[in-house]
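Colleague: Letter by letter, the chains look like this.
There are 2 protein chains.
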Amino acid sequence: MDAMDIAVAVDCMGGDHGPGVTVPAALRFLQDHPEASVILVGSESAILAELKSGKIPPRVRILPASEVVEMHDPPAAALKNKKDSSMRVAINLVKDGEAQACVSAGNTGALMAISRFVLKMVPGIERPAIITILPTLKGRTYMLDMGANVDCSAEHLLQFAIMGSVLVSSVEKIEKPSVGLLNVGEEEIKGNEVVKRAAELLKGSGLNFIGNVEGDDIFKGTADIVVCDGFVGNVALKTSEGLAHMLATFLREEYGKNLLTRLAGLVSLPVINAFKHRVDPRRYNGASLLGLKGIVIKSHGSADVYSFQFALQRALDEARSGMLNELGKRMQASGQA
Amino acid sequence: MDAMDIAVAVDCMGGDHGPGVTVPAALRFLQDHPEASVILVGSESAILAELKSGKIPPRVRILPASEVVEMHDPPAAALKNKKDSSMRVAINLVKDGEAQACVSAGNTGALMAISRFVLKMVPGIERPAIITILPTLKGRTYMLDMGANVDCSAEHLLQFAIMGSVLVSSVEKIEKPSVGLLNVGEEEIKGNEVVKRAAELLKGSGLNFIGNVEGDDIFKGTADIVVCDGFVGNVALKTSEGLAHMLATFLREEYGKNLLTRLAGLVSLPVINAFKHRVDPRRYNGASLLGLKGIVIKSHGSADVYSFQFALQRALDEARSGMLNELGKRMQASGQA
Chain B
533 MDAMDIAVAV DCMGGDHGPG VTVPAALRFL QDHPEASVIL VGSESAILAE LKSGKIPPRV
593 RILPASEVVE MHDPPAAALK NKKDSSMRVA INLVKDGEAQ ACVSAGNTGA LMAISRFVLK
653 MVPGIERPAI ITILPTLKGR TYMLDMGANV DCSAEHLLQF AIMGSVLVSS VEKIEKPSVG
713 LLNVGEEEIK GNEVVKRAAE LLKGSGLNFI GNVEGDDIFK GTADIVVCDG FVGNVALKTS
773 EGLAHMLATF LREEYGKNLL TRLAGLVSLP VINAFKHRVD PRRYNGASLL GLKGIVIKSH
833 GSADVYSFQF ALQRALDEAR SGMLNELGKR MQASGQA
Chain L
533 MDAMDIAVAV DCMGGDHGPG VTVPAALRFL QDHPEASVIL VGSESAILAE LKSGKIPPRV
593 RILPASEVVE MHDPPAAALK NKKDSSMRVA INLVKDGEAQ ACVSAGNTGA LMAISRFVLK
653 MVPGIERPAI ITILPTLKGR TYMLDMGANV DCSAEHLLQF AIMGSVLVSS VEKIEKPSVG
713 LLNVGEEEIK GNEVVKRAAE LLKGSGLNFI GNVEGDDIFK GTADIVVCDG FVGNVALKTS
773 EGLAHMLATF LREEYGKNLL TRLAGLVSLP VINAFKHRVD PRRYNGASLL GLKGIVIKSH
833 GSADVYSFQF ALQRALDEAR SGMLNELGKR MQASGQA
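Top to bottom, those sequences are chains B and L.
Quick note, the first sequence lines up with residues 533 to 869 if you use this note's numbering.
Quick note, the second sequence lines up with residues 533 to 869 if you use this note's numbering.
Extracted from the complex, chain B is given alone in its bound form (with noise of 0.2 Å):
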């Protein structure tokens, strides 16, 4: 597909800053990406207070809906009772080839149900997984799932072993990206069952499998590609929050001890900087829903501009790839479709 042509839908009442966050991103986002444009989907009020001059700016449509996702809806409900909400109209968008790709920083649970529902499964493919990059020694790894599904088969992760493969080498152009199988020994001896099964059945798969990697490798870039069940990477993602978190504060009340310590912290600034833009989570903002026939990206729901449009960014870099096509062609190959 050429960049001309690709369409980013954009769920502009998700999250906990709605349109105040998502329009002025998908602003700069286009001025980003002259070849891009948006449909930004929700309150039409909400989303022309946002467009400051008041006037609607090239490559960006609104388009109404009535309703809104909350954080704390059911996702069945959501799913059943609000047919015309941002999130869900953002998502038909996608399935009618308006948009080439959806971002929302809604609820979860709701855009995974939501998304299933109007955009149905890639044959072969059973469940959705989520995928997202995070920053190692060596670049970045991308690492799924982190928490669609917490009861995986060994089959399960080799699904997820096969779609993390092409959205890697679609997006990345990496031709056999590296794929390990998180677990708690290199050994082959080791690891609960599912897990040991997945192994041989990545053995078999024609990946790149370089076998089982541990938690320290993830953050060492031992793999492009980390396969585990949506429990584990959803428990190692938000540990390693809380750590991040915790050295951060550690370090900001070291600094902030007396005088003569806030004077260090004053001539470090710019190198204290240079290493936050570094692990800035907000570059790594926008995890992606694969396993579905069309793109949908997931913004942290706390994300400001700066971090909404990395989310935006991912779509269209995912559009842009031809990923789904990859991932259609590779199921069928495998005769699993």
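The hints are simulated quantities; they were obtained by calculation from the structure and are not laboratory data.
Since the model is a prediction, treat every value here as computed from it, not as a measurement.
Just so you know, not all the hints are guaranteed correct.
As the list makes no split between identical chains, a pair holds if one copy fits it or if it spans any two.
Stated by the list, open to error - Subject to a maximum C-alpha distance of 30 Å in a straight line, what follows is the list of computed DSSO-like cross-link-like pairs (lysine-lysine):
no., residue 1, residue 2
1, K584, K612
2, K789, K627
3, K587, K808
4, K825, K652
5, K722, K614
6, K722, K615
7, K652, K615
8, K722, K825
9, K789, K752
10, K584, K861
11, K752, K670
12, K587, K615
Chain L: place on chain B using the hints.
Modeller: For chain L alone, kept in the frame of chain B given last:
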């Protein structure tokens, strides 16, 4: 038990460094604790060589053992074939009541297998679990299981919670330590099947169960004790190690970039050192193998002298606390013994 009576058996041959670390650490430990004694187990000549004076100091006894469990020895083989290993002789001392605890930096699987065979389980506990201490925003949190059990039932998780509670109330003198169940969300409907059932069991357990906690709660210090299966615990711990390593590397790189940043680093040195001390993993060295009829502490294999002392300290703290008696009583009271 009076602290005067406490002897700690030390597997001097275990770990990456053997007697070069374990013996000096034991001597420093004795300096800090005039009430304790140690039994140094292993190659007599190697141990004597580390007692620089050539004389055996007070409160030190050397017990020769002719074999060494290597890091790569399969646990079953170590159990069957190395009956005079320093590890096994140290554990035997605990069984015979000559030592009130033992410490090893050796092969974890072998330590587990031999301890279980020699010491046996506390009645009512089906599997030993590894519990470790982590620094948090509020102080410290105990977490188990850290890798002994990769396939757990809800009943196992309940037993882990009981063991953790007894340990923390005995050692930390917290009457009703809070127990959190590691999950992917705080809501009761979340989680995999085992965790959901474990939550039900915990609610009826009489423990101070505060419900589900998430990965980021570990380092927040939300609960005194975090319970999870060994697969998840191992991944969470190793992921944390990997992240800490990556952040430290990036920070060092940023401070090393040019003359100005190196100067800023120099000015910040006292701050950085205070920060490093606060989160120094060596100060948290020493994981306890819980559920055995004896106290067994596993030190990190790569521990240095400073670090190994903390593992010895943990052995002393646990032996002093009367934790084993408490656990026996608790299991009998629950009718599970």
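Colleague: Hint by hint, which ones does this structure get wrong, listed from lowest number up?
Modeller: When the structure is compared with the hints, numbers 1, 2, 3 and 10 turn out to be violated.
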